[in-house]
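A.B. asks: Okay, here's what each chain looks like letter by letter:
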Amino acid sequence: MTQYAAHSTPHSVLVGVCYTRPNLQQVEKPLTESNPAIETHDLVKNYDKVEALCGIDLSVGVGEMFALLGPNGAGKTTLFSILATLRKPTGGSAKVLGRDVVHERPAVRRHMGIVFQEPALEQKLSVRDNLLLMGLFYGLGIKAGRARTADILENLGLTDIAARQTQKLSGGQKRRLELARSMVPNPDILFLDEATLGLDVDARRNFWAQVRQFVRSGRTVFFTTHYMEEAEVADRIALIDKGRIIALGTPQELKQRIGGGVILLTTEDDARAFAWLTEQGYKPEKSERGILLVSAEPAAVLPKLLTTMPVKPLRAEVHEPSLEDVFLTLTGKTLDGGEANPAKPAFTIGAAP
Amino acid sequence: MRGLLAVIALDLKRLWSDRVRLIVGLIQPLLYLFVLGSGLGANSRMGGGKYLAYIYPGVLGLSLLFTSVFAAMLIVFDRQVGFLKAILVAPVPRPAIAIGKILSGALQALVPAVVLLVFLPLLGIHPGLLRFLGLLCAMTVAAVTFSALGVATAARFKSTTVFPIIGNAVLLPMFFLSGALYPLANVPHWLKILAHFDPVAYAVDLMRGALLGTLFFPLWLSIGVLAGFIVVLTWLATRVFASGEDA
Chain A
0 MTQYAAHSTP HSVLVGVCYT RPNLQQVEKP LTESNPAIET HDLVKNYDKV EALCGIDLSV
60 GVGEMFALLG PNGAGKTTLF SILATLRKPT GGSAKVLGRD VVHERPAVRR HMGIVFQEPA
120 LEQKLSVRDN LLLMGLFYGL GIKAGRARTA DILENLGLTD IAARQTQKLS GGQKRRLELA
180 RSMVPNPDIL FLDEATLGLD VDARRNFWAQ VRQFVRSGRT VFFTTHYMEE AEVADRIALI
240 DKGRIIALGT PQELKQRIGG GVILLTTEDD ARAFAWLTEQ GYKPEKSERG ILLVSAEPAA
300 VLPKLLTTMP VKPLRAEVHE PSLEDVFLTL TGKTLDGGEA NPAKPAFTIG AAP
Chain B
0 MRGLLAVIAL DLKRLWSDRV RLIVGLIQPL LYLFVLGSGL GANSRMGGGK YLAYIYPGVL
60 GLSLLFTSVF AAMLIVFDRQ VGFLKAILVA PVPRPAIAIG KILSGALQAL VPAVVLLVFL
120 PLLGIHPGLL RFLGLLCAMT VAAVTFSALG VATAARFKST TVFPIIGNAV LLPMFFLSGA
180 LYPLANVPHW LKILAHFDPV AYAVDLMRGA LLGTLFFPLW LSIGVLAGFI VVLTWLATRV
240 FASGEDA
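Just so you know, the protein sequences line up as chains A and B, in that order.
Position one of the first sequence corresponds to residue 0 (numbering that gives the first Met the number 0), numbered consecutively onward.
Position one of the second sequence corresponds to residue 0 (numbering that gives the first Met the number 0), numbered consecutively onward.
Simulated from the structure, these hints should not be mistaken for laboratory data.
Yeah, the Cβ is synthetic: ideal placement off N, Cα and C, and Gly gets one too.
Where hints are given, some of them may not hold.
[As the list claims (entries may be wrong)] Among the chain A residues that face chain B by a calculated CB cut under 8 Å, a handful are:
1) THR84
2) ARG108
3) PHE115
4) LEU247
Just need the whole structure built from these sequences, with the hints factored in.
C.D. replies: Set out below in structure tokens:
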């Protein structure tokens with residue numbers, strides 16, 4: 000049980016749960032910090048003639064909070080499903096906690112918790128029964144299952160609604176129950192697939208507070224999202240598009256890749272302004288908000304633009320680059336999948352297209 | 000073993016929490032017996048009472064067939080809403096998921112069928128203890144076969160709309176072909192040949208043999224065919240569950 004030493008930080012309220020774990024995994028090779036939590040090599044997945052993943056190389060460290068950010072259809076859910084042992088890759092390899100996701104599936108499954116995009120709860124059962132029954136699937140007997148359920152309910156603040164039928168819960172409560180369900184195996188790694196989709200801001204904030212508590216106990220979180228503000232909480236982010244990782248780094252590193260700042264312009268005639276900026280040697284990008292211009296020194300460039308541009312400016316903003324800007328600059332489209340500019344992206348990072 | 004029990008416990012707990020499904024499941028076989036039996040019996044040359052006794056194993060078969068196959072529809076629903084994924088990512092061996100689903104479907108079908116046994120004396124049937132136990136064994140084999148058929152089929156479906164349509168289109172001919180409502184000995188030769196490919200025919204014959212002592216197929220053949228069906232269908236269901244979302 001030495002592998003759980005990392006969990007016992009003073010910050011963690013989930014620590015109490017850790018030591019009630021059954022000894023199923025004692026015969027397995029131990030999890031060590033030297034093993035990455037997730038490791039993929041040249042991972043490929045094809046659906047008939049469609050290439051969903053085109054050679055993903057990824058390494059996520061133990062204790063890391065890692066986000067996979069990309070638009071719909073980018074390959075997020077396919078990669079997620081392979082790591083969660085629900086799909087087999089067409090080529091390449093993937094390991095979770097040092098175990099192969101194809102050949103050592105039971106071992107991987109014993110150590111992971113998952114929150115899916117779709118509800119994975121029995122709506123007619125109570126909150127408590129949902130967790131108790133899931134405990135049976137992880138080898139917990141009735142007594143151990145009750146103890147684990149009580150711990151999880153308490154830690155996630157669900158004790159008051161433990162007897163309530165699941166279908167009578169609010170959207171936010173249901174998501175917290177999903178998170179509670181994922182904690183039943185006392186996982187070393189937590190996978191979240193668009194886990195907060197459709198939740199209001201408060202419910203999302205609450206959900207992520209619980210997830211952060213999990214990370215503070217030294218364990219790993221791998222999540223997919225297309226909310227960039229959610230991805231910002233990650234230690235590192237991989238931007239994925241068309242089945243390829245196009246950029247990888249901390250949120251700050253990713254933003255620094257595209258320069259010092261972003262100028263957002265709206266004018267009386269954006270098309271004309273766009274053409275003029277291009278003629279002047281700038282590299283503007285079109286977005287729903289107006290024209291985006293990445294600049295190393297936006298404070299110096301903006302006054303010059305406003306005085307020389309042949310089109311009347313209506314609004315000008317300078318802001319730090321967001322992940323959305325990074326994605327837009329790298330792919331020429333927005334995270335919700337809209338085409339921002341039919342021209343080639345200004346530059347690309349990562350695997351060649 | 001724990002995984003298998005987990006699958007069964009989950010399904011039975013869900014059934015218990017769905018009282019409408021539970022009550023309809025208990026009433027339906029009684030309707031089959033009294034409405035179908037009385038209606039057809041009044042027009043039978045055997046006479047109402049004798050015909051009711053004849054079709055009794057057929058009604059048991061009808062109840063077991065439809066209840067166990069449609070119990071498997073929960074798998075389609077779970078796949079559609081995403082609940083099945085929570086089960087598939089659990090460290091439970093895939094054969095345990097398939098067998099657990101088959102046994103839970105069989106149990107769900109056996110309970111209302113056992114309720115039907117209470118009405119045996121009213122039909123003038125008084126089997127001895129051995130015949131009664133034989134009937135229970137035959138019912139169990141039939142329920143497991145039908146449930147395996149339901150699980151192996153449902154595991155491949157992704158739409159709760161399509162599964163019942165296909166189910167009815169396949170199950171009703173299987174039932175009518177089985178000799179549940181008329182003796183197979185009197186049907187045309189081509190129908191007899193077709194009946195040899197129908198697991199419902201073997202199951203009904205086994206139950207009729209246990210209850211009334213008359214068999215159409217040799218006993219060894221019925222048991223062999225049904226056991227073969229169970230093994231093959233369980234293997235097919237296991238394969239689908241092992242494929243996860245690639246299925």
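A.B. asks: Each hint: holds or not?
C.D. replies: Evaluation of the provided hints:
At its closest, the beta carbon of THR84 of chain A sits 6 Å from a beta carbon of chain B; the interface hint therefore holds under the 8 Å criterion. At a threshold of 8 Å, the smallest CB-CB gap from ARG108 of chain A to chain B is about 4 Å, leaving the interface hint in force. Given the 8 Å rule on beta carbons, the hint for PHE115 of chain A holds: about 6 Å separates it from the nearest Cβ of chain B. With 8 Å as the threshold, the beta carbon of LEU247 of chain A stays out of range of chain B, its nearest partner Cβ sitting at about 26 Å, so the hint is violated.
Going down the numbered hints, you'll see the structure goes against just number 4.
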